[in-house]
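Peer 1: Model the full structure from these sequences, guided by the hints.
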Amino acid sequence: MKIIGISGFENSTSFKKNCWPGLDEREYRISQGHDSAAALIVNGTIVAAVAEERFNRKKHCGDFPANAIRYCLAEAGLSFVEVDELVHGFDYTPFKKLYSLNVTPKDPYQEVYSQEALLALVNRDFPTYPFERVHNVQHHLAHAASAYFTSGWEECLTVVIDGMGEAYSVTIYHAHGGKLDMVYQIPTVDSIGILYSLVTLHLGFDFNADEYKIMGLAPYGNAERFRSFFNNVVEQRDQGTIRIPILRLNRTREDREFLRVTRSYLAQHLIEERHPDAEITEIHKDVAASLQECLDRVMLHICGYWGKKLGLRKLALAGGVALNCTANGKLLRSELFDEIYIQPAAGDDGTALGAALYRSALAGEVINRRQSVPFLGPTYSTEAINMACTEYREQIEVVRFPTLEETCAKAAYLIASGKVVAWYRGRMEYGPRALGHRSILADPSHPNMRERINSMVKMREAFRPFAPAVSLAHVHQWFDVPPGTELPYMIMIVNVKAEHRATLPAVTHVDGSARVQTVSAKDNPEFHALLQAVGKATGREMVLNTSFNIKGQPIVNTPQEAIQTFLHTGIEYLFLENSLVKRKGDR
Amino acid sequence: MKDFTDVCERLQSIFHQELQIDPPAFSDDLVEAGILDSMMFVTLLMHLEEEFGARIAIQDIEMSDFSTISKIAKLVTTIASQHAA
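For the record, the sequence lines run as chains A and B. The numbering used here numbers the first residue of the first sequence as 15 and each following residue consecutively. The numbering used here numbers the first residue of the second sequence as 5 and each following residue consecutively.
You may find that some hints are simply not true.
If you only want the chain A side, here are some residues facing chain B, beta carbon under 7 Å, derived [as the list claims (entries may be wrong)]: (1) LYS111; (2) LEU115; (3) ASN116; (4) PRO119; (5) THR202; (6) ARG262.
Derived Cβ-Cβ restraints for the label pairs, each shown as a range [unchecked claim]: (7) ASP494(A) <-> ALA84(B): 47 to 57 Å; (8) THR59(A) <-> THR81(B): 47 to 57 Å; (9) MET67(B) <-> LEU133(A): 24 to 34 Å; (10) THR9(B) <-> MET15(A): 49 to 59 Å; (11) LEU133(A) <-> GLU66(B): 24 to 34 Å.
Below are the DSS-like pairs computed for lysine-lysine, each with C-alpha atoms no more than 25 Å apart in a straight line [to be verified]: (12) LYS75(B) <-> LYS111(A); (13) LYS78(B) <-> LYS111(A); (14) LYS75(B) <-> LYS110(A).
What the hints contain is simulated information worked out from the structure, not anything from laboratory work. The model shown is predicted, which means the values in this text are computed figures rather than measured ones. Glycine is no exception: its CB is placed at the ideal position from the N, C-alpha and C atoms.
Peer 2: What follows is the structure in structure tokens.
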């Protein structure tokens, strides 16, 4: 069967704007259905997957993923009518009656969440597609399927933890024999994901977008300062569950939509709200630290309880909270589990893949094997790259290398010389991380490299750390992990060995941790070849690896976007496959 | 009748302790008063299962069964007796 999975709710934010106009733009992000994407499964095999934001250039957008669908079809050489099923990673149908309880100016179920609303969008963009082939999968089931069916395990604990699905914030599954048996759920009114996002908003960042920045800020703070506040606010209960009474304080519809009373509570009992442009001070760092510690505790509590209860030592995770690398690292080091797998597109974009995998598994077609590095997006031919270079010929010079080996040798020389290099090749990554196909690279040993890239290239907050990419064979030499530890998705935090922290200042966080990506010849051969070349030049098969984008924009997709981003930033060299791009006049 | 009153009181306790809603009188209209919204309703269902063993699938609910504490008590009592049988 040919199945396309999709995620996102196009009308979600606009619905809120229509019902409650004139609010701060940041408040409208307290809504469902961001990060739309499409994924194509053919006869049980993942063929393509990509987020819509990479095409329409609207970061975290929830628009109906028409461009992403068209890309998936083109990748497989299919027309849409040949697709057997279109599956959405949400299913609000069982909740239809409940929405009659919500007194709103318009009906959110009908306008946003219903299958009729979805079909209207399908009809708008693909008018000939038969409606009877459109299906829905519950949100957490889609997340769970994305993790279990790419884990390579026959049996495991599968935990989905996010802000909210249709009505739940955590779902525990016992995955075995190709099935996902739901064991327990925690409702949205006790959502640790929503609490984390609310505090993110309270600290002057964006709800449903900037949580990773709070995670990055946390190691600068003192968790003790607000520990008792978060211990009181998030009650750990028996049976691996939690309760967050302050999320139940909202009574009117508007208060519930924007969590106003909870936010007032934070202002009165935690700290006053920080304006986005205000300075980040010690108190903000301490709140971030205490919040992160609280999340770490909750993740260990929930996953630990259910792993023990069900006697399962393998854990597969998905859902937006599973993108929290610090909490994941704590789980990894807890020894509660022998192995942990986190589906790399753990956010809502990943439910496109999960919805398709779930339906494909129902048809008995999915072979459960461990997902390789998710290079599932578009690639561009040499001709397309040459055309892009020609388009910008007044501003750039191009040197073409005949082989990958020579390209890597040149890039390694530049990196070893302290240059900042953009590295663009092959299929784009699925999920939020750049894993070596759309990356900005540099030498992690340069003391001022973090500041240089933060200010010149990424134009982002100075406190945020960068991640190291290291060859799999060498990971244990630099980091506190056993030899051969595979961390290919840059989704876990581990400790840099104490003796190496001073020599890796650009990728070592203030607490001595790093968000490591391991790179192997099997899963990521071209990036591995580059790391080997870098090893010859620097003595370390390691680079600083950050996503090829600037603040507020999605990762670059096309060669044109790569060149534009290169020209508008301080990146010194750009490699488009085997072509080296320099600014005209640069040496 | 004592049992029925006991169920109603346990329901009031769920509203008070778990949902943090001032306990409604047995015959208060929960929907008209805006006491329950969709998310609180889901939470209520979870507590009904925990407290009374009454598992109610969301797609099977009839809103009229949930309009007052008394009606909810009647529903969970019926489900519990079905399970017992």
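Peer 1: Hint by hint, which ones does this structure get wrong, listed from lowest number up?
Peer 2: 4
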